[in-house]
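There are 2 protein chains.
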Amino acid sequence: MVISAGKPVRGSTSGRPIMALLDVLGQRWTLRILWELRDGRQSFRALQARCDAMSPTILNQRLKTLRDMNLIALDEAGFGLTARARQLSGLLLDLDRLANDWASLPDDQA
Amino acid sequence: MVISAGKPVRGSTSGRPIMALLDVLGQRWTLRILWELRDGRQSFRALQARCDAMSPTILNQRLKTLRDMNLIALDEAGFGLTARARQLSGLLLDLDRLANDWASLPDDQA
DNA sequence: ATAACTTGCTACATATAGCGTAGCAAAGGA
DNA sequence: TCCTTTGCTACGCTATATGTAGCAAGTTAT
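Chains as they are written, first to last, in this note's numbering: chain P, 10 to 119; chain A, 10 to 119.
No lab work stands behind these hints: they were computed from the structure.
Mixed in with the good hints there might be a few duds.
To be verified - For the chain P half of the interface with chain A, some residues (derived, Cβ under 10 angstroms), not all of them:
no.	residue
1	M78
2	E85
3	Q96
Claimed, not checked - Here are the computed distance ranges between Cβ atoms for each label pair:
no.	chain 1	residue 1	chain 2	residue 2	range
4	P	D77	A	A55	33 to 39 angstroms
5	A	A82	P	R54	40 to 46 angstroms
6	P	A62	A	D103	27 to 33 angstroms
7	A	A82	P	R59	19 to 25 angstroms
8	A	G87	P	D117	38 to 44 angstroms
9	P	G87	A	S113	26 to 32 angstroms
10	P	R59	A	D84	40 to 46 angstroms
11	P	D84	A	D84	51 to 57 angstroms
12	P	S23	A	S52	16 to 22 angstroms
13	P	G24	A	T74	40 to 46 angstroms
14	P	R76	A	N69	33 to 39 angstroms
15	P	G87	A	L100	25 to 31 angstroms
Note that the Cβ used here is the ideal one computed from N, Cα and C, for glycine as well.
Please model the complete structure; the sequences and the hints are all you need to start from.
Here it is in structure tokens:
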């Protein structure tokens, strides 16, 4: 299963694909997980450690939905981003740049 | 106040700017609010309506933090994105494209 | 002026989502 | 055999989000 058009999600009945995506990304830890996998596969516990020792309950829950969406896959080397997710984590790198810019400039200069 | 380096946030002690940003964006409705403001200013109640009638309690809470981060500003015409936030909502447009692509393709083709 | 709106926003009780500890079964190594 | 590591789950607790109702201030209409 994947992000499919025409299916209502939490907080939106429109069924537009972006809504499903915003919904998932707007859950706590989802963005962080994708971020922490940006440079290499991680075991469940290693990933958990990278995410400030987040609760395994939630980590597992997030991994499950991300796997359902074909954004994360598990193999012998651990959990890792799929090709699909790598498009997304490209955007996260942009986000990182923005955050750094903002942190180094006064409010009115960006 | 803004995204400032060296300050620990919920779920991260590193103080890296991206962490503060991921933390905020990972709260429910935050991404959606930025998305719904992408093409024009909205009044509190109009914005609420666009966000599937989300609770005013949370809407106000989100608006407060987004205003603190200088991503949203309120004037006579309503709430709207700042220059800073428009960089971010550019990324949301990319996200929209991705979501649409994925929705129209089988899992193994993206 | 006064009644009818709309504005941003808040109180409060309830429901949902996330947390943290402890521990399981399966697989691998010594 | 025993020790470790793997992914993952149970369960009791806290934090976060929801939804209804409504306030005070401002605008418009009568």
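Here is what the structure says about each hint:
no., hint, verdict
1, M78, "8 angstroms, holds"
2, E85, "20 angstroms, violated"
3, Q96, "6 angstroms, holds"
4, P/D77 <-> A/A55: 33 to 39 angstroms, "34 angstroms, holds"
5, A/A82 <-> P/R54: 40 to 46 angstroms, "43 angstroms, holds"
6, P/A62 <-> A/D103: 27 to 33 angstroms, "32 angstroms, holds"
7, A/A82 <-> P/R59: 19 to 25 angstroms, "35 angstroms, violated"
8, A/G87 <-> P/D117: 38 to 44 angstroms, "21 angstroms, violated"
9, P/G87 <-> A/S113: 26 to 32 angstroms, "30 angstroms, holds"
10, P/R59 <-> A/D84: 40 to 46 angstroms, "41 angstroms, holds"
11, P/D84 <-> A/D84: 51 to 57 angstroms, "52 angstroms, holds"
12, P/S23 <-> A/S52: 16 to 22 angstroms, "21 angstroms, holds"
13, P/G24 <-> A/T74: 40 to 46 angstroms, "29 angstroms, violated"
14, P/R76 <-> A/N69: 33 to 39 angstroms, "35 angstroms, holds"
15, P/G87 <-> A/L100: 25 to 31 angstroms, "28 angstroms, holds"
Checked against the numbered hints given earlier, the structure breaks hints 2, 7, 8, 13 and satisfies all the rest.
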